[in-house]
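Protein chains in written order, with full-length UniProt numbering: chain A, 1 to 231; chain B, 1 to 101.
Because the hints were derived from the structure by calculation, they are not lab data. Here a beta-carbon is modelled for each residue, glycine too, at the ideal position from N, C-alpha and C. Please note: incorrect hints may appear among the correct ones.
Simulated restraints on C-beta separations [to be verified]:
hint: 1; chain 1: B; residue 1: Glu61; chain 2: A; residue 2: Leu39; range: 46 to 54 angstroms
hint: 2; chain 1: B; residue 1: Trp64; chain 2: A; residue 2: Lys226; range: 37 to 45 angstroms
hint: 3; chain 1: B; residue 1: Thr79; chain 2: A; residue 2: Trp98; range: 36 to 44 angstroms
Listed next, the stretches of chain B that the computed footprint assigns to chain A, with coverage defined by at least 3 CB atoms under 8 angstroms from CB atoms of chain A [to be verified]:
hint: 4; segment: 25 to 38
hint: 5; segment: 65 to 73
If you want a taste of the chain A side facing chain B, the calculated C-beta under 10 angstroms gives, among others [as the list claims (entries may be wrong)]:
hint: 6; residue: Thr26
hint: 7; residue: Leu30
hint: 8; residue: Thr33
hint: 9; residue: Phe47
hint: 10; residue: Ala63
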Amino acid sequence: MNGREFSAGLKAGTSIAIGYFPIALTFGLLAKTTGLSLLEATAMSIFVFAGASQYIALSLITAGVAPIVIVLNTFVVNIRHFLMTAALNEKMAPDDRWKKALYAFGITDETFSVLATQKNQKITTGFAVGVITISYGSWVVFTSVGHLIGANLPQFLQAAMSIALYAMFIGLLVPSMHGNRKVVSLAVIAGAINSLFYFTGWLSTGWAIMVSTLASAIFIEWISRKGVKRS
Amino acid sequence: MSSWYWWMVLGMAIVTYIPRAIPLTFLEGRELPEAVQNVLRNIPYAVLGALIFPAVFFIQENIWFGVIGAVAAFGIAITGANVMIVVLGSIAALAIFSGFL
Numbered sequence: 001m002n003g004r005e006f007s008a009g010l011k012a013g014t015s016i017a018i019g020y021f022p023i024a025l026t027f028g029l030l031a032k033t034t035g036l037s038l039l040e041a042t043a044m045s046i047f048v049f050a051g052a053s054q055y056i057a058l059s060l061i062t063a064g065v066a067p068i069v070i071v072l073n074t075f076v077v078n079i080r081h082f083l084m085t086a087a088l089n090e091k092m093a094p095d096d097r098w099k100k101a102l103y104a105f106g107i108t109d110e111t112f113s114v115l116a117t118q119k120n121q122k123i124t125t126g127f128a129v130g131v132i133t134i135s136y137g138s139w140v141v142f143t144s145v146g147h148l149i150g151a152n153l154p155q156f157l158q159a160a161m162s163i164a165l166y167a168m169f170i171g172l173l174v175p176s177m178h179g180n181r182k183v184v185s186l187a188v189i190a191g192a193i194n195s196l197f198y199f200t201g202w203l204s205t206g207w208a209i210m211v212s213t214l215a216s217a218i219f220i221e222w223i224s225r226k227g228v229k230r231s
Numbered sequence: 001m002s003s004w005y006w007w008m009v010l011g012m013a014i015v016t017y018i019p020r021a022i023p024l025t026f027l028e029g030r031e032l033p034e035a036v037q038n039v040l041r042n043i044p045y046a047v048l049g050a051l052i053f054p055a056v057f058f059i060q061e062n063i064w065f066g067v068i069g070a071v072a073a074f075g076i077a078i079t080g081a082n083v084m085i086v087v088l089g090s091i092a093a094l095a096i097f098s099g100f101l
């Protein structure tokens, strides 16, 4: 693995590490109030590494839901990663299968977004491992810290920090949007369909993101094909 | 917590890992049809749209947090600033905003 690629990855992943800080801290805190020990809370972050599912698990544990239902729920929430890793595979430089199987563990919405929006033609394993290492490190460490300190950050700062991950998504999307109508349409249509699901409650969040992403990506591909044929 | 907790974490770990690993390892070295490749190339931008909207507006009970945060992030990003500056800048904008509440 190339050391320079790895450190470039660490650098590219820093914004994720910052974005994870408040969420992991709050997760640690909530896990404590849910009755999990420091070890149990940190272990969930170490082995699962999936923000939304971990939060949902906490609320389901509190509600006394059966563990198997919590596991099924986790699957439904994370099924969208099928789509993301399939897309990412087109972007990643070829490498040994076991290496890909290893870093696949670290593909989250956030690491995916950073990797998939890189300008280079192909992304190396070293770069991916760099992005994932710093993100995962932040997630695990701040879960523990949140459980340990047990006291909140000042309320106003917590509220302000809740924008962090969305700001990162916006910061990744906007440069690609510039002068590219296709990218703008892809994002706007997916956002619109997802909003429809959100307000009608027809699909749960995990499915809604997956369906709106796929619908938008297929629709735009279909439209641009028709355009090519006509001209 | 008793042993069920550890079984549950194990189960969560497995069902989270499978969707992340199967496409990356299974598709390795396979050539997909052109149309499928194009759709997959569209996915990053579509995912970002779906991840941002509408959730960004509901980060706090007060919807203005989301609106101001999103506008700040968009405004900073359009100047071509680094992603980190976008993140820190929009946090700063909301910290100032909550001072006015």
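- Taking each numbered hint in turn, which are not upheld by the structure, reported in ascending numerical order? 1, 6, 7, 8 and 10
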